[in-house]
Amino acid sequence: MVHCDWLACTTIPAESLPHTRLHNLMRLWAGTHRTLGNLEHTIPLGKYALVVPFVALGIQVFYGKRWIKWIDVRDLVMETVNTKFKWEEATGEAKYIADRHYEGLLEARFYRSTCPRGKIDKAHIPKLPEGYHLFGAKDVPGHNVLPIVEIDWPAFADGEVRHVGQVIFLLVGPDPKVLESLIQQIKVDYTPLTPAYTIEQSKAMADGPIHALDNVLDKHALTKGDIDAGFAQAVSIIEETCTTSYQEHTYIETQGAVGYPKDGKVVIEGSMQCPWYVHHAMAVILGHDKVRAIQCPTGGGFGGKEDYPDVLAAPLAVAVEKLQCPIRIILDRVEDISFTSKRHPVEFRYRTGVDKNGKVVAMDIDFDINSGAYLSLSGIVLQRSITTGTNVYDIPNVRIRGHAWATNTVPTGAFRGFGSPQTCFCMETHMSHVAKRIGVDPLTFKREHMLTSDSTTLTGAAIYGDLILEQMLDRVMELSDYKRKQAQCRAQDPSAQIRKGLGIALFQHGCGFAGDLEDTLVKARARLVKQSDGKVTILVSNTDIGQGLTLTFRKIVAEHLDKPLEDVAIAVPDTGVVPDSGPTVASRSIVIVGYLLEKAAKSLKQQWIEGESQEIEEVYKKPEYHVWDQDTYQGNAYQVTSYGMNVVEVDVDTVTGESKITGVWAVYDVGHVIDEHVFKGQIDGGLVQALGYGSCEKMELNSDGVFAQKTMADYVIPTAMDVPSIVSETLDNPYPYGPNGAKGGGELTHNGGAAAFAAAVEDAIGKPLSSIPVTPEKVMEALYGE
Amino acid sequence: MASKVETSNITVEFVLNHREVSIEVEPMQSLLHTLRVDLINTATKEGCGEGECGACSVLFNGKLVNACMLPIAQVQGAEILTLEGLRESEKGQCVINALLEAKGVQCGFCSPGMVLALYALLEANSDPSEEEIRRGISGNLCRCTGYGMIVDAARIAAQKGAQLW
Amino acid sequence: MVSVYRPTTLTEALDHVALGNVTLFSGGTDLMVQHGVRSGIAPQFDTDVLFLDAISELSHIEATQDGLCIGSECSLSDIESDDQVPEILRLSVGQIAAPALRNRATLSGNICNASPAGDSLPALYLLDARLILASAQGRREVPISDFITGPGKTILKADEILSHILLPKVDLPQLFYRKVGTRAANALSKLSVAGLAKVVEGKVVDWRVAFGAVSPTVVRCKELEQLLIGKNVAEINIEAMVEQYSEMIHPIDDQRTTAKYRHQTSLKLLASWLEALRDV
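Protein chains in written order, with my numbering: chain A, 1 to 786; chain B, 787 to 951; chain C, 952 to 1231.
It is possible that part of the hints are untrue.
Unchecked claim - When the alpha-carbon atoms are kept at most 25 Å apart in a straight line, the in silico DSS-like pairs for lysine-lysine are as follows:
{"hint": "1", "chain 1": "A", "residue 1": "K177", "chain 2": "A", "residue 2": "K710"}
{"hint": "2", "chain 1": "A", "residue 1": "K778", "chain 2": "C", "residue 2": "K1211"}
{"hint": "3", "chain 1": "A", "residue 1": "K436", "chain 2": "A", "residue 2": "K359"}
{"hint": "4", "chain 1": "B", "residue 1": "K877", "chain 2": "A", "residue 2": "K84"}
{"hint": "5", "chain 1": "C", "residue 1": "K1211", "chain 2": "A", "residue 2": "K710"}
{"hint": "6", "chain 1": "A", "residue 1": "K84", "chain 2": "B", "residue 2": "K946"}
{"hint": "7", "chain 1": "A", "residue 1": "K767", "chain 2": "C", "residue 2": "K1211"}
{"hint": "8", "chain 1": "A", "residue 1": "K660", "chain 2": "C", "residue 2": "K1211"}
{"hint": "9", "chain 1": "A", "residue 1": "K219", "chain 2": "A", "residue 2": "K203"}
{"hint": "10", "chain 1": "A", "residue 1": "K187", "chain 2": "A", "residue 2": "K127"}
{"hint": "11", "chain 1": "B", "residue 1": "K877", "chain 2": "A", "residue 2": "K95"}
Claimed, not checked - Taking beta-carbon pairs under 7 Å as the criterion, some of the chain B residues facing chain C (in silico):
{"hint": "12", "residue": "E792"}
{"hint": "13", "residue": "T793"}
{"hint": "14", "residue": "S794"}
{"hint": "15", "residue": "E812"}
{"hint": "16", "residue": "P813"}
{"hint": "17", "residue": "Q815"}
{"hint": "18", "residue": "G835"}
{"hint": "19", "residue": "G837"}
{"hint": "20", "residue": "S843"}
{"hint": "21", "residue": "K849"}
{"hint": "22", "residue": "L850"}
{"hint": "23", "residue": "V851"}
{"hint": "24", "residue": "N852"}
{"hint": "25", "residue": "A859"}
{"hint": "26", "residue": "S924"}
{"hint": "27", "residue": "G925"}
Read the hints as simulated data drawn from the structure, not as lab findings. Source: prediction; values computed, not measured. Just so you know, even glycine gets a beta-carbon here, dropped at the ideal spot from N, CA and C.
Please model the complete structure; the sequences and the hints are all you need to start from.
Have a look at this one:
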């Protein structure tokens, strides 16, 4: 409800207001007047319009001193994102969650476990001053769980803790200083058990298992062909272990949310990728569905805001329901780096057989991932790693087994690529090493093993559509002047201090949810709402977290409606308004939801009635070719796959082990690109993030089970001086079940950079590297040994 | 833990975006906190609170600084320019438009800091090389763009705003 | 109740310092982090804070008879951009943090913070910098090598302020500087090696080297440097020198890197520096 105290009358339900930046407008004419209520709307009429609420039928809008518009509220729809793409972000007008004002707002802080593993014996809570409240497991009205795939992760630790940083209490009150003081005074007595931090320690199960009887949170296996027959043909057997470490998302905006009561519901708005996940988490913990989740402008996600917002939202919902007032929780940077989800560290053990013709004839892969304290997304990461374990290669006989291990560390979760950056690094590195062992140039070796359009995949399916890997490889070699540079590298003076190296990585990414879960689990629905004046609004739950959906979705719809872009708006992802088109993960937004929007737009165009309001909804239907068995992992591992190739050139200083990245070239097949410029942003961003993953983003657990790197000074991501400009191209290879032929690409761009970088450094120093990040310390170790 | 020592509030007067401001504050609270909470100027963002990310970049007497590291007591008598002020000026709009044209804005959280850093760069050097651009924004972390299109934005602004700088 | 003071003259500042326990605050880029509590809460200082940044008489860089006098409140970017400042110091300071921080941070902060990884320190040691410590009683001059006694520890008395840094004139045209940070910019040092020399017709007239972030304080050993004076560059036994310095540096493991890396890399850089003399 909005009350304009300037007129001291009339209120209008917020839903029926036009797109008006009410609080900014009020401030403009009233000096330092504060925000009225929880309003965030944007008017496209001009920044200085004055809005006078007028009861019943509509709103008169002043511009300067003149009346300019009369808007019939019956025509008005939901809050939409400003259609001038990224204008609000660039001018500083966009209101992220920490920028928003709420009348009567209370602050909230988590009290987190300081014990990595143990029973909670007793909590000593100081006497709380008036206006301060503590919430814990005993305050949960519904179920004290976070419904992140499984329900093993409690919202509030209850009786036991499984990692340092686990949420035990939520403390709420008006003054952050008092909250800080209270947090410092809380003391918890634990009976500690021996913690396991590494996969090795998890397997050892000191003081018994953390989970079940064996600490295995999930496991799965897959075979193709006949592994024993394959090895029987091998003349060389090459074994290798490849490892990757933690990676932190380092979105520039930390996690945060505000909860408040409204119209009998608990509403949470905040920085998130998946409002319906947050909605569901609230419903579970409160035990009812009178909840609503709204995405605010989000300062980066990369998977880190896929499940972790539930960790904030569930306790917050409990407090909001109880206190019936707005409550805010914003993580500070150290807390965010220390305790939010991370990329799974992995260890891949390969046993590879090569026949007399130099072809890989058998590959046995056994790998482990560190799942942290709870399952969360590890099962799906495992599925992706297993079902795409052989990357872009056609290996006839394969056995692949993977385990997700429970440890007393922060639960690892989603991070751009979701298992693929790890798998691609390990497989690319191993294939290069196999080639070198048998005396073949790695690039030649890889080319000979590439899948073709006639191949059968690892999971026993035919390739859908055409593969253009040969063309891509030719093109990336051309772009990077690969042959000449390779010759230069080989001819360089071996005693020179600076050594040049060149590395290449080939990789893929399956788009959409794993297997056919889009069909059996997600069942996305997307809606187009047309007003009588012909303006159309897109209603989906996919969020623009920087990847440009607020442009690309509108482009798809505008094109198929044959309307100008300005006539198509997109609703703010609000579970009170939009249908569930699924989460913003798994590179699914364009190919799955974009396709639904294309279909919806085509239908709407066909059924268009001038002057009338209309609505079209499309529900996901699996394309006919897509078959999948979720138990045996046979069929199409993903609805469709995108491909990429990266070449990286480095100068390695053999005195310090430091590598300077001097050139980066990239080529992609994402079917078709909806917006070249927007996708270039994904290429640049994903590739730089991957280069960081491969080079400087070191994250180590110390002996207390917490990360040694917990500030932005110590967890090091690339600056503008750490990377060059990237030269890239996309090759068209339209996919019939994607909008305008597009597939997914948001994660693909993160899958190759680390492998290509490591290969380049290896090329420069002439020593094998099997783990990332390839830090200067590792390079010195490789060069000069013990 | 030692009991907290209270700091007495002081009055700080300074010029914010060409307007005079007088405010009673804790002297050691940061300029960033003062802008965002006391003055409700939220364009300047908090990314780390430790002077590492540059999301809080503002101009302090014409020089680029991290507002999270500057205690408000040191702002007495100073001229502060934030994005709220910069976006009203022709030069500021030149930078903003260049950033949008280059599509160097993805999630947008680093963007206010980047606009300030690019502005400061062009004020000091109207035709920077790629290396100079990268050095100029070396204290502004971006996780979305990989910097490529922000470097493009600097070039576009230098070119299109050639008379301005 | 703690108070803050922001005097405009050194005399005023010294009067405050004479009265009691204050925290001296120049650019504050270290102090604001060290005293930070949390977002939304002002940094916590337990003593009065004395701001030095408004003392304009301390913000000049002036040539003197014997060399250069740098006011303690000059920002690192002022120092970096002033041609009067020896190149080795400009190079060092230019690689500290990032532009925005360099616009606030000062040499006096870097010196008095006395971090083993303070990036201006190796160059200042090499240049035989002398520090003027002012108090209400007068002035004293100390060499920088006497000033810093350990990590975070200096001989600055409670009633003193570091007011100026004096750099004697040097004639050392050969220069070596390498900072190995955690990344290419905006980075804390893992280690640094700074060198200055004068080689005339293949003979070493003067030679210096200093190591940063590999010991509790900067490592510079004049006795070892003396071993090279007068030698022909071709005669220098690089291995022997490296072995000697190997005993002198005592790095640690931390979240940025390992003792082994610091040790190995700084000595390799020393060898590079010695080899570079042959190219003069």
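Comparing the hints with the structure gives:
For the hint pairing K177(A) with K710(A), the CA-to-CA distance comes to about 22 Å; that is within 25 Å, so the pair holds. Between the alpha carbons of K778(A) and K1211(C) the distance comes to roughly 11 Å, so the proposed pair stays at or under 25 Å and holds. Our distance criterion of 25 Å between C-alpha atoms is met by K436(A) and K359(A), whose separation comes to about 13 Å. For a cut-off of 25 Å, the pair hint linking K877(B) to K84(A) stands: about 20 Å separates their Cα positions.
For the proposed pair K1211(C) and K710(A), the alpha carbon gap of about 23 Å is at most 25 Å, so the pair holds. The suggested pairing of K84(A) with K946(B) holds, with an alpha-carbon distance near 21 Å, which does not exceed 25 Å. A distance of roughly 19 Å separates the Cα atoms of K767(A) and K1211(C); the hinted pair therefore holds under the 25 Å criterion. Proximity of K660(A) to K1211(C) is assessed by CA-CA distance (about 22 Å); at most 25 Å being required, the pair is judged to hold.
In summary, the hint linking K219(A) to K203(A) is supported, as the alpha carbons are separated by about 14 Å, within the 25 Å threshold. For the suggested pair K187(A) and K127(A), the alpha carbons sit about 12 Å apart, so the restraint of at most 25 Å is met. Restraint check for K877(B) and K95(A): the C-alpha separation of about 23 Å stays at or below 25 Å, so the hint holds. Interface hint status for E792(B): upheld, as the beta-carbon distance to the closest one in chain C is roughly 5 Å, under 7 Å.
Because the smallest distance between the Cβ of T793(B) and any Cβ of chain C comes to about 5 Å, under 7 Å, the interface hint for this residue holds. Interface restraint check for S794(B): the shortest CB-CB distance to chain C comes to about 5 Å, inside 7 Å, so the restraint holds. Interface hint status for E812(B): upheld, as the beta-carbon distance to the closest one in chain C is roughly 5 Å, under 7 Å. Hint status for P813(B) relative to chain C: holds, with the closest Cβ pair at about 4 Å, below 7 Å.
A least Cβ separation of about 4 Å between Q815(B) and chain C falls short of the 7 Å threshold, and the interface hint therefore holds. Taking 7 Å as the C-beta cut-off, the interface hint given for G835(B) holds, the closest approach to chain C being about 5 Å. Look at G837(B): its Cβ gets to within about 6 Å of chain C, closer than 7 Å, so that hint holds up. With 7 Å as the threshold, the beta carbon of S843(B) comes within range of chain C, its nearest partner Cβ sitting at about 6 Å, so the hint holds.
Because the smallest distance between the Cβ of K849(B) and any Cβ of chain C comes to about 4 Å, under 7 Å, the interface hint for this residue holds. For L850(B), the interface hint holds, since its Cβ comes within 7 Å of a Cβ in chain C; the closest pair sits about 5 Å apart. Residue-level restraint check for V851(B) holds (minimum Cβ-Cβ distance to chain C is 5 Å; threshold 7 Å). Because the smallest distance between the Cβ of N852(B) and any Cβ of chain C comes to about 5 Å, under 7 Å, the interface hint for this residue holds.
For A859(B), the shortest C-beta to C-beta distance to chain C is roughly 5 Å, which falls under 7 Å, so the interface hint holds. Checking S924(B) against chain C: minimum C-beta separation of about 4 Å stays under 7 Å; hint holds. Hint status for G925(B) relative to chain C: holds, with the closest Cβ pair at about 3 Å, below 7 Å.
Of the hints listed earlier, there is not a single one the structure fails to meet.
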